[in-house]
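Undergrad: The listed protein sequences derive, respectively, from chains A and B. Counting from 1, one number per residue, gives the positions in the first sequence under the working numbering. Counting from 1, one number per residue, gives the positions in the second sequence under the working numbering.
Read the hints as simulated data drawn from the structure, not as lab findings. No experiment lies behind these values; they were computed from the predicted model shown. Note that beta-carbon positions come from the ideal geometry of N, C-alpha and C, so glycine has one too. Among these hints, one or two may not hold up.
[Said to hold, decoys possible] Which bits of chain A does chain B cover? Going by a derived footprint, with three or more residues having C-beta under 8 Å, they are:
no., segment
1, 67-77
2, 275-283
[Claimed, not checked] Here are the simulated lysine-lysine pairs, DSS-like style, with alpha carbons at most 30 Å apart:
no., chain 1, residue 1, chain 2, residue 2
3, B, 169, A, 107
4, A, 293, B, 108
5, B, 222, A, 136
6, A, 107, A, 194
7, A, 190, A, 262
8, B, 222, A, 190
9, B, 103, B, 38
10, A, 293, A, 136
11, A, 190, B, 169
12, B, 108, B, 169
13, A, 194, B, 2
14, B, 38, A, 136
15, B, 169, A, 262
16, A, 107, A, 190
Listed below are the residues making up each chain.
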Amino acid sequence: MQATKRRFGKSANGFWNNDNTVGYLFALPFIISFSLLTLVPMALSLYYSFCSYTIGASPAWLGIENFFNLMRDETFLNSILVTVQYVAIGVPLKLVFALLIAMLLTKPTRAQGFYRAVYYIPSLIGGSVAVALVWKQLFGSRGPIVGFITSLGAENFNFFGSTTWAFLPLVLCNAWQFGSSMLIFASGLKQIPKDYYEAAEIDGAHVFRRFFSITLPCLSPIILFNLIMQLISGFMTFTQAQIITDGGPNYATNYIALNIFKEGFAYQHMGYACAQSWIMLLIMAGITGIIFKTSSHWTYYEN
Amino acid sequence: MKQRRIAINTIYHLFVIAFGALMVYPVVWMIISSFKLKSEILGSEAPFWPTTWVWQNYPDGWRGSGSLTFATYFRNSAIVSVLGTLGTVLSSAMVSYALARVKFAGRKFWFTAMIMTMLLPGQVLMIPQYIIWNRLNLVGTFIPLILPKFLGWPFFIYMMMQFIRGLPKELDEAAMIDGCNKYSIFFRVILPLLGPSIITTVVISFYWIWDDYMGPLLYLSKPGLYTVSLAIKGFADAQGTNFGPMFAMSSLSLIPVFLLFLFFNRYLMDGVTAGSVKG
Chain A
1 MQATKRRFGK
11 SANGFWNNDN
21 TVGYLFALPF
31 IISFSLLTLV
41 PMALSLYYSF
51 CSYTIGASPA
61 WLGIENFFNL
71 MRDETFLNSI
81 LVTVQYVAIG
91 VPLKLVFALL
101 IAMLLTKPTR
111 AQGFYRAVYY
121 IPSLIGGSVA
131 VALVWKQLFG
141 SRGPIVGFIT
151 SLGAENFNFF
161 GSTTWAFLPL
171 VLCNAWQFGS
181 SMLIFASGLK
191 QIPKDYYEAA
201 EIDGAHVFRR
211 FFSITLPCLS
221 PIILFNLIMQ
231 LISGFMTFTQ
241 AQIITDGGPN
251 YATNYIALNI
261 FKEGFAYQHM
271 GYACAQSWIM
281 LLIMAGITGI
291 IFKTSSHWTY
301 YEN
Chain B
1 MKQRRIAINT
11 IYHLFVIAFG
21 ALMVYPVVWM
31 IISSFKLKSE
41 ILGSEAPFWP
51 TTWVWQNYPD
61 GWRGSGSLTF
71 ATYFRNSAIV
81 SVLGTLGTVL
91 SSAMVSYALA
101 RVKFAGRKFW
111 FTAMIMTMLL
121 PGQVLMIPQY
131 IIWNRLNLVG
141 TFIPLILPKF
151 LGWPFFIYMM
161 MQFIRGLPKE
171 LDEAAMIDGC
181 NKYSIFFRVI
191 LPLLGPSIIT
201 TVVISFYWIW
211 DDYMGPLLYL
221 SKPGLYTVSL
231 AIKGFADAQG
241 TNFGPMFAMS
251 SLSLIPVFLL
261 FLFFNRYLMD
271 GVTAGSVKG
């Protein structure tokens, strides 16, 4: 260490090898994007949310009128309600799937890698337009899934014609992509010491007892991580909702991200759409905040 | 005892395979449908296997619905995805090195800023970013889709940071003593060891960009610039109920992602999880 200090300490290299110089040089891409593509847009968005604004015109200051109108805008309030429903049903479903399959695939067999790859495929392609278009026909009124339901005896059943059931194909499309959560759970499971289970088995704890007393507590930090990540991506669901149902029928799947998009780009109410995006941010921050605050009661760290 | 174990094993594999089949069923259904006559794709009488295999859906689809063929759209997607992936890997590796290994003033602040950006919903930035790109006269070019990728992608910065933190610090110190400075440590020590994390970033960022729909929808207004995802949506709208060609192009659109996955699958399964668990 001393040799290096002498070599670089006071030479002309001093500036370039200073930790501050090196740090800021390497972090520069992010510093630029954070300033120009995050901070400036956020400030603009906050300003526009108090204005009436369309592309090409100059923003007209409205004060809090946008927010006042939002509170009475049934389409917007409904979009929050259906988004919360979608997230509240879809995210737990996805995480339960991810954990169960991860546990199923911990069994060391020669096919383990192959199985994991197969179960990961939906995550790989699930966000694509191709899959959304397939989903639309798969669950459509003439598709094989409705065909199967009809063969069970339900007459004239139609997912996308029903305000009650239209959300289900979208929730399933999201839950189907449990692959990355599954991989994260799988590596968490691998880190639980084997002797915990052995000790429990000697004490006569059966499978369910071992799951609730060992597996769940040991995995709790990972559950928290997956929960937060999936909540955020659930709130931002756009592609599937836009392509599969386009928000319908009768706004039943008009999720907030889709509503903001339509408001801003189809109707050119950009100030109003910005105000909506801030409400969305506040709701998401509130929910994540509550989860973090309560997490100390249900997560368990070994050290 | 041994027979019992074999029985349990068989049940296990049958169950995993059956459920796996259910998982890939939508994809298989799409691919098979792309070889069917129009009349056999949907409806209660539709058979699972086509009675005659129809190849015509592929050339029909490739021709597209307007004056452009899918050759243009695939080329556009390739440009955006390859450049975007390249930018993501380069910039994210650089930033992650600074945040994980260099003790510069303000590091804590920039780390927090990075985490906040990662958790920030894109909808908040969507409209103002569009307004900025529009002001710069760059809407209708690939630049709004590619340039930001060269400025670091927080998700991958975070993933690479976790990976770098797992590398022993003694490596850096040994390299220091051998005469490396902070720059050569990055290029000659960290970057070569970052391999698994880089592969994961390549695969995931490639398929995120390739599959991206909202970005192209906002910024690519001219059909000549459409990426595959945008073109398929337009094609589906134009074709109405003629699903064969649409499924043919949908199947083709998934091939690059599949190939990359098959190629790097082994590294990917480890790479995704290397970072997240310690956090």
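Undergrad: So, for every hint listed, does it hold in this structure?
TA: Taking the hints in turn, this is what the structure says about them:
no.: 1; hint: 67-77; in the structure: violated (count 0)
no.: 2; hint: 275-283; in the structure: holds (count 4)
no.: 3; hint: B:169 x A:107; in the structure: violated (35 Å)
no.: 4; hint: A:293 x B:108; in the structure: holds (22 Å)
no.: 5; hint: B:222 x A:136; in the structure: holds (26 Å)
no.: 6; hint: A:107 x A:194; in the structure: holds (13 Å)
no.: 7; hint: A:190 x A:262; in the structure: violated (45 Å)
no.: 8; hint: B:222 x A:190; in the structure: violated (50 Å)
no.: 9; hint: B:103 x B:38; in the structure: violated (63 Å)
no.: 10; hint: A:293 x A:136; in the structure: violated (39 Å)
no.: 11; hint: A:190 x B:169; in the structure: holds (25 Å)
no.: 12; hint: B:108 x B:169; in the structure: holds (19 Å)
no.: 13; hint: A:194 x B:2; in the structure: holds (24 Å)
no.: 14; hint: B:38 x A:136; in the structure: holds (16 Å)
no.: 15; hint: B:169 x A:262; in the structure: violated (50 Å)
no.: 16; hint: A:107 x A:190; in the structure: holds (11 Å)
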